[in-house]
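Peer 1: Given next are the chains, with one letter for each unit.
There are 4 protein chains.
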Amino acid sequence: MANSKATATNTLLSRFEYVKDFERSDYLLPNTWVVVRIDGKGFTKLCARYGFEKPNDRRALDLMNAAAKAVMTDLPDITIGYGVSDEYSFIFHKTCTLYDRRESKLVSTVVSTFSAYYVHLWSTYFPDMPLAPPLPSFDGRAVCYPSVQNLRDYMSWRQVDCHINNLYNTTFWTLIQQGGMGATEAEEFLKVRDVASPSNVKLLTDYPQGTLSKDKNEILYSKFHMNYNNEPEINKKGSVVFRDYELVEPGSDKVAETIDDLAEPVTQSKTQAENDKKRRAKARIVVEHLDVIKDDFWDRRPWLLSNKPGKIPKLT
Amino acid sequence: MANSKATATNTLLSRFEYVKDFERSDYLLPNTWVVVRIDGKGFTKLCARYGFEKPNDRRALDLMNAAAKAVMTDLPDITIGYGVSDEYSFIFHKTCTLYDRRESKLVSTVVSTFSAYYVHLWSTYFPDMPLAPPLPSFDGRAVCYPSVQNLRDYMSWRQVDCHINNLYNTTFWTLIQQGGMGATEAEEFLKVRDVASPSNVKLLTDYPQGTLSKDKNEILYSKFHMNYNNEPEINKKGSVVFRDYELVEPGSDKVAETIDDLAEPVTQSKTQAENDKKRRAKARIVVEHLDVIKDDFWDRRPWLLSNKPGKIPKLT
Amino acid sequence: MANSKATATNTLLSRFEYVKDFERSDYLLPNTWVVVRIDGKGFTKLCARYGFEKPNDRRALDLMNAAAKAVMTDLPDITIGYGVSDEYSFIFHKTCTLYDRRESKLVSTVVSTFSAYYVHLWSTYFPDMPLAPPLPSFDGRAVCYPSVQNLRDYMSWRQVDCHINNLYNTTFWTLIQQGGMGATEAEEFLKVRDVASPSNVKLLTDYPQGTLSKDKNEILYSKFHMNYNNEPEINKKGSVVFRDYELVEPGSDKVAETIDDLAEPVTQSKTQAENDKKRRAKARIVVEHLDVIKDDFWDRRPWLLSNKPGKIPKLT
Amino acid sequence: MANSKATATNTLLSRFEYVKDFERSDYLLPNTWVVVRIDGKGFTKLCARYGFEKPNDRRALDLMNAAAKAVMTDLPDITIGYGVSDEYSFIFHKTCTLYDRRESKLVSTVVSTFSAYYVHLWSTYFPDMPLAPPLPSFDGRAVCYPSVQNLRDYMSWRQVDCHINNLYNTTFWTLIQQGGMGATEAEEFLKVRDVASPSNVKLLTDYPQGTLSKDKNEILYSKFHMNYNNEPEINKKGSVVFRDYELVEPGSDKVAETIDDLAEPVTQSKTQAENDKKRRAKARIVVEHLDVIKDDFWDRRPWLLSNKPGKIPKLT
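Protein chains in written order, with my numbering: chain A, 889 to 1204; chain B, 889 to 1204; chain C, 889 to 1204; chain D, 889 to 1204.
Please note that the accuracy of each hint is not assured.
It does not matter which identical chain is used: a pair holds within one copy or between any two.
As the list claims (entries may be wrong) - Dumping the calculated DSS-like pairs for lysine-lysine here, alpha-carbon to alpha-carbon at most 30 Å:
#1 Lys929 <-> Lys1165
#2 Lys1079 <-> Lys908
#3 Lys993 <-> Lys1202
#4 Lys1079 <-> Lys1196
#5 Lys942 <-> Lys1165
#6 Lys1166 <-> Lys942
#7 Lys1202 <-> Lys1158
#8 Lys1079 <-> Lys993
#9 Lys1158 <-> Lys1079
#10 Lys1199 <-> Lys942
#11 Lys942 <-> Lys1158
#12 Lys1202 <-> Lys942
#13 Lys933 <-> Lys1202
#14 Lys1158 <-> Lys933
#15 Lys1165 <-> Lys1079
#16 Lys929 <-> Lys1196
#17 Lys1182 <-> Lys933
#18 Lys1196 <-> Lys942
#19 Lys1182 <-> Lys993
#20 Lys1079 <-> Lys1166
#21 Lys1158 <-> Lys908
#22 Lys1202 <-> Lys929
#23 Lys1182 <-> Lys1170
#24 Lys957 <-> Lys1165
#25 Lys929 <-> Lys1158
#26 Lys908 <-> Lys1170
#27 Lys1202 <-> Lys1079
#28 Lys908 <-> Lys1199
#29 Lys1170 <-> Lys1196
Derived from the structure by calculation, the hints contain no laboratory data. Predicted model, so just to flag it, every value in this text is computed and none were measured.
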């Protein structure tokens, strides 16, 4: 029961202790952003069993977000989270030294905390459906990203993936639920028309890259009588979780450009570290459904990349 | 919600997908025993908060064991578990190919499943103490052991450690609870007398190695009026969890000696694999408090090392 | 010039020393056999440049073997080597603790030593062809094998590979050199007839597995007027390098069966270790062309698996 | 002899091929600078054996530099090298994809090539001292650095280390060679006076950080009658090896600041890549003894960080 551990040696103990030498060290490369991504295990079965609505069950998404918020409260070293469907990514700042950056510790702690809250909060979101074994569980892994650009590209990757999958699934389930098609029929319909298949879909928002158009939306509208733009933001964009400070005027801060210059863990004064900790604890953790691909999101929230807490916004 | 994932490419997606190349492969060495050990995080605080009894809280131990049983039910690839205090070790057979032996997958799945059940079953064991944030959580890591001897030495190491810590803690808390000492006083008392300090304690059972004696027990008895031998087995030996088949006469089976010769994953016929799976599913998973250091435990349960299910015992 | 290194700290030095934290530890799993295999880099070009004879250049093979012997002399921790063509495998015993089993150290030392001797001894084997840049070089990697069976299977794999490639190449070059075919023609000839293509060739020796026949040899003989059996052993079997002690009567020693039981580095007395070292230094390192697939090779040379030096054979 | 390898399967071969699954993947993290540092093995003995001059043997340093130049000629992916005493660091650009960034391949190839040239060129620098076994050899390891600042700090670390060791060794050997002291006496003398011990020595050049002074130099001059400033640059600064292009006016290029923004391997047109390759091959590789700690070195040679070849300087 978490009693004090013996550190000293004992004749018999010392005969077996050599087995400790088989443990491998797994420190993640310093000065890199650590992404821990967790994924629901066997959620297809789980969805069926508890009757999750298709293509998106709002209660299930809210439960994921509630668990993510709790993880970020318990682990203040996480600066931002991004969730979609049954997966969630948590980002540790590149200067983070939690558990000496040991991979197993970081991954297992995030996964364990998330799983605990998911089960604990289940009844809040599914009051009429008590959990029974096998319980929902998650696996996880860590990936290191050396630069801010890599990290942002990772976030963009997940959000583009969210969009593509959601557009496809929305169309697919509309065909079934409103069009009366069967699953195979709907799949075939989409394949033949090559309309909303994940492979050729374009993002609906305007990107300077010019690769994105609004055409598909019109096609979807005319063919399937649905306006994808009116779909809930949580489905189209996924969920971003972060500590809320006062927004900053874009352009007034150059965090994204300078943060890569940071070469090693900042040595803060103890007072400064304490202050930062307090402000972080005070900050509200919010769940929003914003575009994380464009610069604007990052420019207005410099604390996400700098890891320096901003101003606590006044309540209005 | 576990909808079908897009596998195809998209212009924008492909711009970001390079971030997948930053993932590292983490396959564990084939033909080695994989031990996943999990540990409670910050359980000292947890013990205090929920008033766990000292030095051992039976409800808390039973909850750990219940969670471990559930883990082994959900993950039939685990052949044996060993738990003490707030830690649990789970062993995957050296031929196991679950998740292609990917370390992150194995560790995170075990940790997640355990955490989920720990929280889910909490109210069964602590009906009057509802859980509140921060919830209990666990970290975990994997270690590979090449030979049966290494694996058994690992198990012995944990059990000797259990014994040493329990003997010390039992004495320590007796001094406090029955002797009216304070924590510092008790610690000092034990240090000065050098009696039951973890460093010089000997195991109380008879080992052929001759390094173990019953003397300490008598000292403990005369000084502190407690007979360590009468302490519950669960405290002295920890808990072993495994599938229960008919015991085998020692000497009739040479598993421990021959299992190291197994060089690669056995290629079973499909029927055989199905049969094994069914028998495994049918077997009762039991929690016992046995000596896992001596040969007897392993000799009588050859299925633990061979991974071939034994005979289902008849109910009496 | 290998002067004493400063270990103390300096103001400026300490500003930069954090970069040492980026080094990863790379200890290889204890109690496993370590195979370091090296491969010639760009040897196709090298062969052409220095006019190596096809399919086997005896001088080049002898040079490889001479370099391998020198490596084993300089690194007594290597118990056995196996070479074919421009590759060589060196085996460190599973109890080996050289360089604390650090992978980079082991691999780079073997590769460096081999390369140094290859260049140094070049003129002995190719007296008329002075080396010029770019010099021959080798890459290398380490692989761990948990059991004797794994290790022997590794050795068998390399020797079967040697056989298959040599049989194919011998036929291929006979068609060109004696049959007057061009390279493409010879390749096509072999593909159509499906005769000696690496995919369907059978080993020529008798194996209990029954998968091997002498038929192919006859086909080769009648079609291409060559008797593969008369080819030099070095080409057919590759080269095994090891320390030479008195052979042991097969069956009198059970090394292969018991060596897996060894769970941890043996703690020898200092005198014993010194004695072993001396005997090892005294032993002649020999290059032979033997079958390493069958048990006989290992049974008669128990020191290869036990790592205990045998008796130095008397000179006759 | 680098004949074509069989890729197809064979009954016996396939029985053993499972051993390939024991190979671990070792791709280094993308978008990081890869430093491969090699170190002479047992060079203390080597120095004694071949009578290297103390504290610095010019022939030995020239041989190291000649081998390093050859390595960089054979491996154009290396952008810069830095050598001191019997160690050499080679830097691969963060966008480098040689051997898919496999650690073993990179380390072993550098070590092998260096060793081959060291032995091959030995007689040029030590014409009167033929090499004999055991031959000189080197070990090596790879370290990844995520940012330009990390990389420059690594280079600075090695150069400060060079300075500190050289100042100490120069003083130490002056005491012996000119002062007639014994080794122990000299060591004691330096320890007592705390004068030139590596721990408190300051760099002799002017650094904006203000931590460096010229005082020590004067102390050294008055006490030991030697002017450290007059020592050869190669001893004081070590050797930098790089491709020589036209120097750039400092400030006209912002490579160091922008190179961190590069997030992934640049996709060049084939023509561009070919052009770069040709220019690189045309560039002279030079060995210089410059200060690599200050910005000036890097600002004037933007190609070192950008990996884009500069202008070939006109011969005058």
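Peer 1: Each of the hints needs a verdict: does it hold here or not?
Peer 2: Comparing the hints with the structure gives:
no.	hint	result
1	Lys929 <-> Lys1165	between (34 Å within a copy, 20 Å between copies)
2	Lys1079 <-> Lys908	between (55 Å within a copy, 27 Å between copies)
3	Lys993 <-> Lys1202	neither (37 Å within a copy, 43 Å between copies)
4	Lys1079 <-> Lys1196	neither (48 Å within a copy, 45 Å between copies)
5	Lys942 <-> Lys1165	neither (41 Å within a copy, 33 Å between copies)
6	Lys1166 <-> Lys942	neither (42 Å within a copy, 34 Å between copies)
7	Lys1202 <-> Lys1158	within (27 Å within a copy, 56 Å between copies)
8	Lys1079 <-> Lys993	neither (44 Å within a copy, 33 Å between copies)
9	Lys1158 <-> Lys1079	neither (60 Å within a copy, 35 Å between copies)
10	Lys1199 <-> Lys942	neither (40 Å within a copy, 45 Å between copies)
11	Lys942 <-> Lys1158	neither (51 Å within a copy, 36 Å between copies)
12	Lys1202 <-> Lys942	neither (39 Å within a copy, 46 Å between copies)
13	Lys933 <-> Lys1202	neither (45 Å within a copy, 34 Å between copies)
14	Lys1158 <-> Lys933	between (50 Å within a copy, 24 Å between copies)
15	Lys1165 <-> Lys1079	neither (52 Å within a copy, 38 Å between copies)
16	Lys929 <-> Lys1196	between (35 Å within a copy, 27 Å between copies)
17	Lys1182 <-> Lys933	neither (36 Å within a copy, 43 Å between copies)
18	Lys1196 <-> Lys942	neither (40 Å within a copy, 42 Å between copies)
19	Lys1182 <-> Lys993	neither (33 Å within a copy, 32 Å between copies)
20	Lys1079 <-> Lys1166	neither (54 Å within a copy, 40 Å between copies)
21	Lys1158 <-> Lys908	between (35 Å within a copy, 25 Å between copies)
22	Lys1202 <-> Lys929	neither (41 Å within a copy, 35 Å between copies)
23	Lys1182 <-> Lys1170	within (28 Å within a copy, 43 Å between copies)
24	Lys957 <-> Lys1165	within (17 Å within a copy, 39 Å between copies)
25	Lys929 <-> Lys1158	between (42 Å within a copy, 25 Å between copies)
26	Lys908 <-> Lys1170	neither (41 Å within a copy, 35 Å between copies)
27	Lys1202 <-> Lys1079	neither (52 Å within a copy, 55 Å between copies)
28	Lys908 <-> Lys1199	neither (47 Å within a copy, 35 Å between copies)
29	Lys1170 <-> Lys1196	within (14 Å within a copy, 48 Å between copies)
Checked against the numbered hints listed earlier, the structure breaks hints 3, 4, 5, 6, 8, 9, 10, 11, 12, 13, 15, 17, 18, 19, 20, 22, 26, 27, 28; every other hint is satisfied.
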